[in-house]
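Protein chains in written order, with our numbering: chain A, 1 to 164; chain B, 1 to 413; chain C, 1 to 336.
Certain hints may be false.
To give an idea of the interface, some chain A residues facing chain C are shown, with a C-beta separation under 10 Å as derived from the structure [to be verified]:
#1 12
#2 38
#3 40
These are computed hints drawn from the structure, not numbers from a lab. The beta carbon of each residue, even a glycine, is placed where N, CA and C say it ideally should be.
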Amino acid sequence: MLRRKFLSFIGKFVVVSAAVGGGIYSLARALVPSLLYEPSARVDLGDPAAYPEGVTFISDRRMFVVREGNKFHAISAVCTHLGCTVHNVPLVQKKDIKEDGKILQESWEFACPCHGSKYYGDGVNYAGPAPKPLPNWFMYISSLTGHLVVDMSKQVNRDFRVTV
Amino acid sequence: MRKTIRSLWLKLTWAFNPGTIKEAYRARIKNFFLHWFPPKVTKRSFSWSYSFWLGTISAVLFLITLVTGVILMFIYIPSTVRAYWSIEDIEFITHYGWLLRYSHRWAGHLMVVVVFLHMMRVFYTAAYRETPGRDSHRYVNWVVGVILLLATLFLAFTGYLLPWDQLSMWAVTVATGIGRTTPIVGETLYRMLVGGTTIDQETLIRFYTFHCIAVPLVVILLISYHLWRIRKDGGLASTVHYDVPLDEPISEAEDTMRVLAVPAVPRRVFLVTIATWIVVLIATLLFRAPLLEPATQAWTPNPAKAPWYFLWLQELISFTTIKIGHFVVNGGFVGGVFIPGVLFIVLAVWPFLDNSPPDSTGIWFHRTRLWQNVLFTIICLTIVFLILFSYYCRGPYWHVYWPWNRPEIPGRF
Amino acid sequence: MNTIEEKEIKDHYKSDSKWIYVLLAVLLFLTAVAFHRDATPQWEQYQAQFRQILTQKFGKKASDNFSYGMKQIWIKDVNRIDRCTTCHLGIDIPKLSGEDIPLVFRTHPDKALIDEHPFDKFGCTYCHGGKGYALTVEEAHFSNPVGWEDMFLSARLANRYGFPDYKNLPLVEMNCNACHLHEKEVAGLTYINKAKELFTEKMCTCCHTFSEYKADVGPDLTYEGDKPNDLYDFSNITNWGSLPPSVFSWHFLHFKAPYLVSPLSLMSNFNFKDQEIRSLIMLVLSFKNMPERFVAKPDPKNVFKPECVSGVPAAPGAFTGATGAGVEPVVKNTKM
Chain A
1 MLRRKFLSFI GKFVVVSAAV GGGIYSLARA LVPSLLYEPS ARVDLGDPAA
51 YPEGVTFISD RRMFVVREGN KFHAISAVCT HLGCTVHNVP LVQKKDIKED
101 GKILQESWEF ACPCHGSKYY GDGVNYAGPA PKPLPNWFMY ISSLTGHLVV
151 DMSKQVNRDF RVTV
Chain B
1 MRKTIRSLWL KLTWAFNPGT IKEAYRARIK NFFLHWFPPK VTKRSFSWSY
51 SFWLGTISAV LFLITLVTGV ILMFIYIPST VRAYWSIEDI EFITHYGWLL
101 RYSHRWAGHL MVVVVFLHMM RVFYTAAYRE TPGRDSHRYV NWVVGVILLL
151 ATLFLAFTGY LLPWDQLSMW AVTVATGIGR TTPIVGETLY RMLVGGTTID
201 QETLIRFYTF HCIAVPLVVI LLISYHLWRI RKDGGLASTV HYDVPLDEPI
251 SEAEDTMRVL AVPAVPRRVF LVTIATWIVV LIATLLFRAP LLEPATQAWT
301 PNPAKAPWYF LWLQELISFT TIKIGHFVVN GGFVGGVFIP GVLFIVLAVW
351 PFLDNSPPDS TGIWFHRTRL WQNVLFTIIC LTIVFLILFS YYCRGPYWHV
401 YWPWNRPEIP GRF
Chain C
1 MNTIEEKEIK DHYKSDSKWI YVLLAVLLFL TAVAFHRDAT PQWEQYQAQF
51 RQILTQKFGK KASDNFSYGM KQIWIKDVNR IDRCTTCHLG IDIPKLSGED
101 IPLVFRTHPD KALIDEHPFD KFGCTYCHGG KGYALTVEEA HFSNPVGWED
151 MFLSARLANR YGFPDYKNLP LVEMNCNACH LHEKEVAGLT YINKAKELFT
201 EKMCTCCHTF SEYKADVGPD LTYEGDKPND LYDFSNITNW GSLPPSVFSW
251 HFLHFKAPYL VSPLSLMSNF NFKDQEIRSL IMLVLSFKNM PERFVAKPDP
301 KNVFKPECVS GVPAAPGAFT GATGAGVEPV VKNTKM
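Next up, chain A with everything else stripped away, as it sits in the complex:
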């Protein structure tokens, strides 16, 4: 007698919640976007000869293209703390920094205006709340056009360089 009542209760409960819950689920699912209106991860940066020595800021894709002689690499300008765009701070006097036991010289740094995070010129975070270094993006020269192309869906380590 008790089991029958319990089973009938479970049956009704399942039917009610499935029917009503199904409706509610569809409302919530509709709000999770499946297709985004965002520019593609691959960015054509144009002719490498057009880039000056040092750091160039690509504002609409939030990244820096760094040229050292004929070597290029791309660093993200999005602060790893909470997502503000960091500034490039050229250093009046070159600074010596110690990294992995080696001593490197840098002529610029990055600093975030939101909460004071600071990064060395190669993107390593050394002050402020930023938890990780700035990521570097994969880069290559397009065989079709000879242009620099950055793929923002692929991260590389900070020694990655493209030689033109």
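For chain A, the structure is supplied; the task is to place chains B and C on it using the hints.
Positioned in the frame of chain A, the structure of chains B and C alone reads:
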């Protein structure tokens, strides 16, 4: 553990499943969802064949449009450049977007129909009449109901513009053009609605705000008042005294005509809700909502028809232009403002014009109300006929065709 | 002793409860139908098929690494969305060009053409027409002409209008010329090049205004491709013959015998051949208003200049032959 779950469950649901009469009375006082219900209702007001529960169905349809509408608001973009594409995104790339959009449209259109039927029912049963010997004001509720009917039409109308396709743009051009013909206030009203001189971005954001916020707020307030008024006036109209306080004795005869409101009425409301949602869902699964080309001022579709609930007005305005010598009155005013204006005002004040005796209250087609019922029916049928005629028999250039003969403008290929 | 309040409830409408459960079961069924419809979109079937092909051709790793899901080409500056690549997944994969690959997945032919017109700058529908934002075959390819004028220019359509080489999608040339209008000759546009030759030879701009060439005898053709369908007068066409009723067919009958379609027309009967007519219709329907960025700038030696030149003997067929009204057309000289 099982005891606490069981006691929690009982706490939440005891009000909907009262065991004794005492519990039934207390349920309405203690439970938030049940606080509107009276202690008892007459069997007649409860019956399907009396009211068909049309009022409840309208409220449920409104609720469906509200819920689907809120989710749609997250995705739809009220910009003349992006509106059309956001609707296409709703249709193709949003999960259940098609379900939301079609349900919203069907619930909205059904609401127009059901609200109209509800009004007809109240008229035929003279339920706008006061209960004799009781201080009630049902005529106020009738007027509020007429305002709700107009608000429903306005909601449907403002929503019609939002897809920003050729259908919307020109239907709204015609309809706002009608309003413009009103003397003195017409131009100002037009400016207020349209936000300029042509249907453009200003119009879209105004209609969007009307449709999503301003009018729903008004409707919610009016529905709340409408329901409060019903309780204050002693429930649905009838010649029978009921809703008598507990401590006043009532006759045995009267008591048999009444039933405990809780749990019968909330249970029936739940049943009506499920049934209405099923009907809307079936319509959603079977039929699509149309979407034509993106709107452009460059050309008007041929013919450009108003939404179906305004087609009777479009018919009227097409043949009521008066020309007597130099005296010309635009058909837009006569057929679009004057005639419907007169009809709605007469409708709103009808409780005062109705001279039939009080014992026709709450009775379908009482013989003392024969002539008013006939007149009312003729007007309603005329409106329906005009809508059907305009929908099926009007073709390009507004010429009349047999429905099977209606020419289509050939497409590009 | 039971007071009235402690009495058990006489539940008058218990049948309501049974009905509620029945309706909830119906609702459950309908909700399941709705779920099924949303969970099995048409494009997923195509993608499953593609996955199989990838596995066959390139192995499991390649087919797993491929990114599935809804795809779109979003050309931001003209606000255009093309979702064709959701099903047409192999369009930019060079190794899928074999005859054994189903047409839907095959690499886009004519690599040189695509290099000039990359997918992310041009999308698909600018050339092929159709409803780019749609995600079902019916909507994208065969949309109702009344609702959407940018028709998908399929081989089936070309066949319907009697193009002998319909398999090469000749109608697409019409969309090519929307941008390449100012060039006299464009490689690959056989129909359009011929049409431009005829347009110049027969000196259409002596009667019709076109772009900077003004005339006032016939209608302005500068944006004929943008002209709405119901501004065409179909009332004099009583017999479409084997042609489907459409604007294209209107032009066909009009080129064949202008006075039959427009009785008040002063346009001669040029006795064009059917293929010439098809070329001319495509030319005329390509006269559209395109965004500046898309319009191709011609080489100075290759400019399309359909001038009305006086003193030059009229090409055969021009201004001779019967006119419907029996009136000699008035020729205005645009060169002073």
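So, going through the hints one by one against the coordinates:
1. 12: At about 6 Å, which falls below the 10 Å cut-off, the nearest Cβ of chain C leaves the hint on residue 12 (chain A) intact, so it holds.
2. 38: holds (8 Å)
3. 40: Holds, because the Cβ-Cβ distance from residue 40 (chain A) to chain C comes to roughly 7 Å (cut-off 10 Å).
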